[in-house]
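Order-wise, the sequence lines are chains A and B. Counting in the numbering used here, the first sequence runs from 1 upward without gaps. Counting in the numbering used here, the second sequence runs from 370 upward without gaps.
Please keep in mind that the hints were generated in silico from the structure rather than gathered at the bench. All values derive from a computational prediction rather than experimental measurement. By construction, the Cβ of each residue, glycine as well, lies at the ideal position given by its N, Cα and C atoms. Treat the hints with care, as some may be off.
[Stated by the list, open to error] Label-pair ranges, simulated between beta-carbon atoms:
| hint | chain 1 | residue 1 | chain 2 | residue 2 | range |
| --- | --- | --- | --- | --- | --- |
| 1 | A | K173 | B | A609 | 47 to 57 Å |
| 2 | B | S390 | A | A94 | 50 to 60 Å |
| 3 | A | R3 | B | E421 | 39 to 49 Å |
| 4 | A | E43 | B | S734 | 32 to 42 Å |
| 5 | A | G73 | B | S390 | 28 to 38 Å |
| 6 | A | V329 | B | E421 | 51 to 61 Å |
| 7 | A | E43 | B | P712 | 26 to 36 Å |
| 8 | B | A545 | A | A94 | 47 to 57 Å |
[To be verified] Stretch by stretch, here's where chain A covers chain B in the computed footprint (C-beta under 8 Å, at least three residues):
| hint | stretch |
| --- | --- |
| 9 | 428–434 |
| 10 | 648–658 |
| 11 | 683–690 |
Protein chains: 2
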Amino acid sequence: MTRIAELLPRVCTKTFDKPPSNPRTTWREKNTFLVFVRTEGGEIGVGEVWCEALSPAVLAAFVRDEMAPLFRGADIEDMERLWQIGFDRTRVSAKPGLALSVLGAVETALWDLTGKRHGRPLYRLLGACRDRVDVYASGGLYGEDNTPARLADEMAGYVRRGFRAVKMKVGGKSLAEDMARVAAVREAIGPDIRLMVDAVYMLDGSSALRMARALDRLDIWFLEAPLAPGDLTGLRRLTARSPVPIAGNEVAFGLDSYRDLIVEGGIDVVHLDVNQCGGIGEARRIAALAAAFHRPVSFHSATSAVCFAANLHVAASLANTESVEYHCVHQMLFDQVPADRYPLVDGAVVLPDAPGLGIDIDPCSLREV
Amino acid sequence: MTRIAELLPRVCTKTFDKPPSNPRTTWREKNTFLVFVRTEGGEIGVGEVWCEALSPAVLAAFVRDEMAPLFRGADIEDMERLWQIGFDRTRVSAKPGLALSVLGAVETALWDLTGKRHGRPLYRLLGACRDRVDVYASGGLYGEDNTPARLADEMAGYVRRGFRAVKMKVGGKSLAEDMARVAAVREAIGPDIRLMVDAVYMLDGSSALRMARALDRLDIWFLEAPLAPGDLTGLRRLTARSPVPIAGNEVAFGLDSYRDLIVEGGIDVVHLDVNQCGGIGEARRIAALAAAFHRPVSFHSATSAVCFAANLHVAASLANTESVEYHCVHQMLFDQVPADRYPLVDGAVVLPDAPGLGIDIDPCSLREV
Chain A
1 MTRIAELLPR
11 VCTKTFDKPP
21 SNPRTTWREK
31 NTFLVFVRTE
41 GGEIGVGEVW
51 CEALSPAVLA
61 AFVRDEMAPL
71 FRGADIEDME
81 RLWQIGFDRT
91 RVSAKPGLAL
101 SVLGAVETAL
111 WDLTGKRHGR
121 PLYRLLGACR
131 DRVDVYASGG
141 LYGEDNTPAR
151 LADEMAGYVR
161 RGFRAVKMKV
171 GGKSLAEDMA
181 RVAAVREAIG
191 PDIRLMVDAV
201 YMLDGSSALR
211 MARALDRLDI
221 WFLEAPLAPG
231 DLTGLRRLTA
241 RSPVPIAGNE
251 VAFGLDSYRD
261 LIVEGGIDVV
271 HLDVNQCGGI
281 GEARRIAALA
291 AAFHRPVSFH
301 SATSAVCFAA
311 NLHVAASLAN
321 TESVEYHCVH
331 QMLFDQVPAD
341 RYPLVDGAVV
351 LPDAPGLGID
361 IDPCSLREV
Chain B
370 MTRIAELLPR
380 VCTKTFDKPP
390 SNPRTTWREK
400 NTFLVFVRTE
410 GGEIGVGEVW
420 CEALSPAVLA
430 AFVRDEMAPL
440 FRGADIEDME
450 RLWQIGFDRT
460 RVSAKPGLAL
470 SVLGAVETAL
480 WDLTGKRHGR
490 PLYRLLGACR
500 DRVDVYASGG
510 LYGEDNTPAR
520 LADEMAGYVR
530 RGFRAVKMKV
540 GGKSLAEDMA
550 RVAAVREAIG
560 PDIRLMVDAV
570 YMLDGSSALR
580 MARALDRLDI
590 WFLEAPLAPG
600 DLTGLRRLTA
610 RSPVPIAGNE
620 VAFGLDSYRD
630 LIVEGGIDVV
640 HLDVNQCGGI
650 GEARRIAALA
660 AAFHRPVSFH
670 SATSAVCFAA
680 NLHVAASLAN
690 TESVEYHCVH
700 QMLFDQVPAD
710 RYPLVDGAVV
720 LPDAPGLGID
730 IDPCSLREV
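Can you build the whole structure from these sequences, using the hints too?
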């Protein structure tokens, strides 16, 4: 029995000299919120909460007041039991999103501990499906001086670095301006590179349909998050008419939401983040649901090395993984892993041999909150 | 790296002095077909193929000719990759049922090896949800001298042994005779014990509806397998009208079948067997699909201790487990596990502490085939 001694909420903040923007957000600073689990024997596991733009103090209070009492003294292997208790306590409330992202972080830390305990990389302990995972370079944000030409340079740069798929933002300018941006990128990267676009939930139904039809001639792999997260009927109408596959919704959490996105919304690519959807078990359940409806899954990752590692390991355990996002703007705590930890080979990241998530960050090196 | 040296197909045959019958089958003998996986280091893992009434020679040839070349030399942790290759090779063919049940046995053996390697019971390595699993006593078959009174005695005997749920067969006699049998059992076990009935795919739509309506007054937990396995539209019509929850189909295999049973057929209880549906990974995917549609899962087990152990461990890793079948007629190789291995406490079996599946059978003790 390996007992949990404590949950340690920690935060790391990055400030931007040149604030990047997507159509919804301009970042002057960005937080990564981590939950470390320390066992009675002093071992450390880690998971991240992706709960964009929520005060770290809110998350820390939730961890301390609502989650820590549940996990303290429990065995690290009881991860599904603990997760279910935590979920049941919060599901009849307004807080399931908060609960699922925090529960997911803690459960991820328990898997990290289990991997370290057995000296095995997490994806191999889950039953490996692959040793490398296709990734795409994610960037192409907006910015005051980000002309189509500069944007095209940026995206072509990712291709020169070895990426074979890239993703950029749309939905932040007029359709004509956005199409000029996408066309410049397609021209710069050539016809053989996958190009995805992300509208960050900015469009209404008619605008999304117009954009999907305009994008068709530019060979777009998927249009991500065209509509507001809750617009399920709009999504159904759009997926029935769009010539471009629709991906969504990385901000969703829980199996129920994904059932509705697939069965009601008709999404083509199931987009999720282990650090938001509910953790490793829930991500794998969502992927199983997607497999039952013959949909690929693509993993979001837009904060730290912990977030990336969790998504990468789950992705490597699944048959229906399409890709993992390799964010080229939001890269926090990557200085805490060895420089050669995630080698890019033929457009894929090779999974590391290190046990667990392969992350060793000292919680004392981060800000207590 | 722990390399697979060989797959060893083995069979164990039991002959009956007094052949038991369900509405489809009378057993004069019954086979248990096991696949042992031996690593280069000589470690042994085991899984069972539940492929009722198929010649062991057919299964052995399939293991040797189609599966062994795929697994030989591979690492035991690559279970999902190997499973997917095996599945992809066979899915565009008439053999996916055969392939899935055999792949499931081999993959189960790899999980057994992994559990033994790390010295952990399998359900804890999968992320434990519970340490005991509700079981039901399964019996109540037909037989020449099996009068309603004798049947009632048998079922009441299970309750005296500590079971709190029991299952019996229906569909083998006239509706009036079957109702007399079920009523005698309900009378004998009292109102507080769960009573399930299994029609073993024997009824047509109208007979099934008549039976479901007749069963209603006897407080039946579920009616299992009323219709022929492929009658999906019949199932949809029945589940829309039956006052009794419908369970099915333990003979199904693969995620696609279960998606259709749930979404099209509308089954209330998802009934599956790790040893038929495709193994531990596929059983967990099916359970995730069931969870997405808020359906409980109930595990079939009607052959050996290996079959029971595999279902028990998966059941203990899941939140939406309802029960595991504890068969009181078909009990093979239970003499190969310690007598106190599966203690019954409050109607549940307590999971064993032994590593892997908790089974140590010497393949040399069984018949080569």
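Evaluation of the provided hints:
For A:K173 and B:A609, the hinted distance range of 47 to 57 Å is satisfied, since their beta carbons lie about 51 Å from each other. One distance hint, 50 to 60 Å for the beta-carbon pair B:S390 and A:A94, holds here, with the actual separation near 56 Å. For A:R3 and B:E421, the hinted distance range of 39 to 49 Å is satisfied, since their beta carbons lie about 44 Å from each other. Restraint check, A:E43 to B:S734: a C-beta distance of roughly 41 Å satisfies the suggested window 32 to 42 Å.
Between A:G73 and B:S390 the beta carbon distance is about 52 Å. The supplied range of 28 to 38 Å is therefore violated. Hint check: A:V329 to B:E421, Cβ distance near 57 Å, so the stated range 51 to 61 Å holds. A beta carbon spacing of about 32 Å between A:E43 and B:P712 agrees with the range 26 to 36 Å that was offered as a hint. The supplied range of 47 to 57 Å is met by B:A545 and A:A94, whose beta-carbon atoms lie about 54 Å from each other.
Evaluation of the coverage hint for the stretch 428–434 of chain B: breached, as 0 residues show C-beta separations to chain A shorter than 8 Å, against a requirement of three. Here the stretch 648–658 of chain B counts 6 residues with a CB under 8 Å from a CB of chain A, which clears the bar of 3, and the coverage holds. Given a C-beta distance limit of less than 8 Å, the hint that chain A covers the stretch 683–690 of chain B holds, as 3 residues qualify and 3 suffice.
Checked against the numbered hints above, the structure violates hints 5 and 9; every other hint is satisfied.
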